[in-house]
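Trainee: One-letter residues, chain by chain:
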Amino acid sequence: MEKGFEPKVIAFLCNWCSYAGADLAGSLRYSYPPNLYPIRVPCSGRVEPEFIIKAFLSGADGVLVSGCHPGDCHYKTGNYYANRRFNLLTRFLEVIGIPKERVRLEWISGSEGLKFSQVAKDFVAHIKKLGPLSIKTPIDIDWNIIARTVATVGSAGKLLWDEDKCMAEMIDFFLGYAQQNSCAECVPCRIGTKRMQEIVAKIFDGSISDGELSLLYDLAIDLGASSKCDLGKMAGKAVRFALEYCRADLDAHINGSCAHTIPANPGWQNIIA
Amino acid sequence: MAEVTLTINGQKVTVPEGTTILKAAEKAGFKIPTLCYLDGVGLPHIKHDVGACRVCVVEVDGERDFVSSCNTTVKEGMVVRTSTPKVIAARKLNLEMLLSEHHLDCPTCPKNGICELQSICEELNIRQIRPQGAKKDLPMDDSSPSIVRNPNKCIICQRCITACKVLQSVDVLELYGNGYEAVVRPKGGVPLIETQCVACGQCALVCPTAAIVEKDDTWKVWQAIADPNKHVVVQTAPATHVTIGEAFGLPVGTDITGKMVAALKRLGFDAVFDTNWSADLTIIEEGNELIHRIKNGGVLPQFTSCSPGWIKFIEEFYPDLIPHVSSAKSPQQMLGPIAKTYYAQKKGINPENIFVVSVMPCTAKKYEAARPEMNAASKFWNNPKIERDVDVVLTSRELIRMIREAGIDFANLPDETYDPIMGEGTGAAQIFGATGGVMEAALRTAYEVVTGKTLEKLDFEAVRGMKDIKEASVNMNGLTVKVLVAHSLGAARQLMDKVRAGELKDYHFIEVMTCPGGCIGGGGQPIPSTVEKREMRIKGIYERDKKLSLRKSHENPEIHAIYKEFLKEPLGHLSHQLLHTHYTPRGKK
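Going down the list, the protein sequences come from chains A and B. Per the numbering used here, residue 1 is the first one in the first sequence, and the count goes up by one each step. Per the numbering used here, residue 1 is the first one in the second sequence, and the count goes up by one each step.
No lab work stands behind these hints, which were simulated from the structure alone. Predicted model, so just to flag it, every value in this text is computed and none were measured. Please note: incorrect hints may appear among the correct ones.
What the hints assert, rightly or not - Straight line, CA to CA, 25 Å or less: simulated DSS-like cross-link-like pairs of lysine-lysine:
{"id": "1", "chain 1": "A", "residue 1": "Lys202", "chain 2": "B", "residue 2": "Lys135"}
{"id": "2", "chain 1": "A", "residue 1": "Lys202", "chain 2": "B", "residue 2": "Lys136"}
{"id": "3", "chain 1": "B", "residue 1": "Lys533", "chain 2": "B", "residue 2": "Lys215"}
{"id": "4", "chain 1": "B", "residue 1": "Lys347", "chain 2": "B", "residue 2": "Lys47"}
{"id": "5", "chain 1": "B", "residue 1": "Lys47", "chain 2": "B", "residue 2": "Lys86"}
{"id": "6", "chain 1": "B", "residue 1": "Lys346", "chain 2": "B", "residue 2": "Lys230"}
{"id": "7", "chain 1": "B", "residue 1": "Lys165", "chain 2": "B", "residue 2": "Lys533"}
{"id": "8", "chain 1": "A", "residue 1": "Lys202", "chain 2": "B", "residue 2": "Lys92"}
{"id": "9", "chain 1": "B", "residue 1": "Lys23", "chain 2": "B", "residue 2": "Lys346"}
Looking at chain A on its own, in the form it has when it is part of the complex:
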């Protein structure tokens, strides 16, 4: 380990809880390392994955995201989105070569000045131990390309999407993507994704029957397991996870309302696990 290495740690702090917590730590003379650079955001849900990746690509060695405790969000569900995104992001970071130990999500309320100082000390020490992050920074980052890469990383596809996108739309997108890119060599991917698209279209117009829904599930299982490559497998697994964990999104569509009104779906955490 390089002697005297001082890490740069970016902390995205929510305006209502964690930033106030940091403020309080200062008022109460609880010290925290100067390596931590706080950035105030309106809500932890505002922290888009791009922010975190950009931080790393700009020279940060660690990133801390902190928001209100679950149930305390001033916008009701912002921290749930933060949580969901964070889980997906850790998976993506591994893919692009950033160890997930370099990011941390914490819940710190406005009254927890001591906790903030402890978390900050602990995380900076942790990053110090990990050493500097060596990552080559591309000069121009095309976020669209990164988004597309992410879309192929299985269920992490929702990662870079607005939270008002619903699962029905997402799997429709996935199936379309698979159809468009299928090399047509194997049957499940070539025909299966088309048949699933046709069934998903019935989710949108609400005409889907229970039989079709269970066929969709069977097709999803089959594609996930027996497609030739990961393209068909991804499409199958995405639909399967959607049906298993995010049924509420789909049911809302079948019943004629859009997922825009649905609160953050904790199902996503299960997908990560």
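Assemble chain B onto chain A, guided by the hints.
Mentor: Chain B in isolation, oriented as in the chain A frame:
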């Protein structure tokens, strides 16, 4: 070779390293169902294992997803399960998906009964098709005189692409497009006739459905037979003598010559001739041409010209080597004009009314008969009303269909004999149907003609068998005649590249058969034509050769007769007019 032990459905089995799960399971006593997989596309070493259909999937411990058994090799300690409920459900659903885009017009389908999609559905107990949705509605391609493509019946197994590209090195088919819109089509999406397709029909032979089939010309023949003004004669190719019986429950390779003649007579043909007769004629013409070339310093090595797919191949890909090709026509195209000249004269029949049908193992023969220059009889009589030398070419499969349509109990027919003038064929002609046969027949005759001695051992074992390139040499009066034999156009291409490079200058004669195994593996032969079946048919060919009393072409009394009465001499004026042809350099447009 190192060995690997694995467990399949609880059974321990030891196989050589590199074996596929499919083969290992076979050894352990489990047949894993397959659809797109094909072990031996024509030749034993050409495998088709793209893993497209996902029917052969199995569960392997430690693998998150299923693996396809046809193209996954075994590993030490592997634990495989081939028929768990999960696997069976996946196979069924994969097949149901295929059926959901299939047109399912089985009763009117040309492959009804021999369709591999049908039989796999039966094997896997498919009783419903749950996925439903859009089906393709693409136009048929019947531009080729030999082959009809119906892309709506295609299951994109890509066997045809392997046959065309790897086996035949012709490579005119491609998988085009993505996802559901993907199709197998002639390269560039043009009609088949505009490609470099040689019409060999190997694609039709391996197609599991009716996406690629031969063009059915049976109705033309029914109509001709029914026409009282037409004198309909038929000729049967050497290879058909041992293959037609397969379709009627007889063992593969059974000699059904007598039964086939009986069936053709019952179908109503006015005269039944044997292409074996004109094969003997070919040997006389082609053999004399070879002797002429050797004596007069002509272009050597000489190439055989009996296989029309090969002719199209050399015209397309090696037009610079056309001078090597014997100008002798194929036996089919020799019998046609003789029927409309010599036979018509002898019988006193107006040649305009003679209708020549041939029964061939071959789809390319349809193309050959349609070649514009194949109208020698019309030129002979100077009568444009006589159109083609051969009017209709039926493949073995079409004849089988006609026999079925007519309700003829083929297996129990008595043996009947060919009609005179063009009905006698020797053993040398019979072996034309197998790879190496034309060469062997030519050597039997050339040896005796050149040396004046009787050949003691008639069997040239070196040129027989399924090895793709074979070589032999025979001493004739001090001259060592060196010959090469190739079957499948992939093998032919290897030889042609060497000829082009000047490496085969000391060879005299090269036989090329378009189809693996020779004509017994032709594109018009009964389906399936596996490597094992080809071998059994070859065995049948040589057995019939052994049975015949005359085994050398120049001993055929009817050949003597035609030279005496009509042609006068080999390579003579009439021979050139009726029995020899020319070729057209084509190449890539």
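Trainee: Identify every previously stated hint that the structure contradicts and give their numbers, smallest first.
Mentor: 4, 5, 9
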